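Assemble the complex: chain V is given as a structure, and chain S must be docked to it using the hints.
In order, the protein sequences belong to chains V and S. Following the working numbering, the numbering of the first sequence begins with 1 at its first residue and continues without gaps. Following the working numbering, the numbering of the second sequence begins with 181 at its first residue and continues without gaps.
No wet-lab data here; the hints were simulated from the structure. These numbers come from a predicted model, not from an experiment. Please note: incorrect hints may appear among the correct ones.
To be verified - Just a sample of chain S residues kept apart from chain V, beta carbon distances all over 10 Å, derived: (1) I242; (2) N258; (3) A266; (4) L281; (5) I285; (6) L291; (7) W298; (8) E304; (9) L321; (10) R323.
What the hints assert, rightly or not - These stretches of chain V come out as covered by chain S in the derived footprint (C-beta under 8 Å, 3 or more residues): (11) 72 to 85; (12) 97 to 109; (13) 150 to 158.
Even glycine gets a Cβ: it sits at the ideal position worked out from N, Cα and C.
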Amino acid sequence: MTRPLKLAGQLVALAAVAGLLALLVWRLTHQQHAPKIGSSAPVFTLSRLTGPGSVDLASLRGKPVVLNFWASWCIPCKSEAKVLEQAWQRYRRQGVAFVGVDFHDVTGDARRFVAAHGLTFPMVEDGSGDVTSGRYGISQVPETYVVGRTGKIVVHIAGPITTPSFAGEFRRAVALALRS
Amino acid sequence: MIRAAAVVLVALALAAPAAACTPKTSLSYLEGQVMCPTCHTTLDQSDSDAARAIEAHIRIRIAQCWSAKQIEDELVANFGEGILAAPPHKGFDLLAWWLPLGGVIGGAALLALGVWRWSRTTRESSTSNSLLQAENLDPDLERRVDEALARLD
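For reference, chain V alone in the conformation it holds in the complex (with noise of 0.2 Å):
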């Protein structure tokens, strides 16, 4: 009688810390990093910040994308929104897509955050930020990814692009998005 129970005792000793190991090595192989340039942008579908609907990144293939990530606690977000607006209004005409993506945001705040910088081009919000934080690796904002027409990432500018080298990095970038 006792052996068995000595032996189911350190079964489910054994079991315990496989177990434990196992969530190690899951999580280890798990961690999320920015995805590298070259590398296809990774997809999602997010609902829409300002209205209805969704945006799905993939039905943007064909496109350069600008894919800004924001928030409206984020206080270098404020300044970046009047450039991001400009370069929009600009590089629209040319066939380029803007999507700002909302991270970790009170979502009232950051409605009030686009009326109040009169930003035009679509958003949606990763509250959760799955997205940001889960695919894309972001933990800080302002984050701009520039995705080819192939859906491949040309440029990361982990800054603001109002900083005067990220801005140069952002306009080559967009150039070469629009060639590729």
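Okay, now just chain S, sitting in the frame of chain V:
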């Protein structure tokens, strides 16, 4: 006309405090229940911009007399379940509540079993020791014990 307007104004001034409601929860309570989504600590341990924005939103809802549950539900709808510091009492998340309890109960049961087995082993060994000692009685003492027992008969 002016008198009527004055009456309306006074009535409105008196009605305003009556309309103000009593807050049903506090920021300090919710700060411990809600996570900062970008820094993964509770709001009361975070000074990030995201945490401050959520705190400001909670303040507005408290002033509007929303209950803690209503505020938490709204935040969950906005940010997902991960915004709550404690997992909800339903579905798979129930495991987070019951597993530690199960672990404590299982541990206590194992401990009790161990103590019971140990006490039984000790008792058995002490009994067998006594028997062993009885078998090894000095013959002289054994004779005297027998004599004493005989006298008692």
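Here is how each hint holds up against the structure:
{"no.": "1", "hint": "I242", "verdict": "14 Å, holds"}
{"no.": "2", "hint": "N258", "verdict": "5 Å, violated"}
{"no.": "3", "hint": "A266", "verdict": "17 Å, holds"}
{"no.": "4", "hint": "L281", "verdict": "16 Å, holds"}
{"no.": "5", "hint": "I285", "verdict": "14 Å, holds"}
{"no.": "6", "hint": "L291", "verdict": "12 Å, holds"}
{"no.": "7", "hint": "W298", "verdict": "12 Å, holds"}
{"no.": "8", "hint": "E304", "verdict": "13 Å, holds"}
{"no.": "9", "hint": "L321", "verdict": "39 Å, holds"}
{"no.": "10", "hint": "R323", "verdict": "43 Å, holds"}
{"no.": "11", "hint": "72 to 85", "verdict": "holds (count 4)"}
{"no.": "12", "hint": "97 to 109", "verdict": "holds (count 6)"}
{"no.": "13", "hint": "150 to 158", "verdict": "violated (count 0)"}
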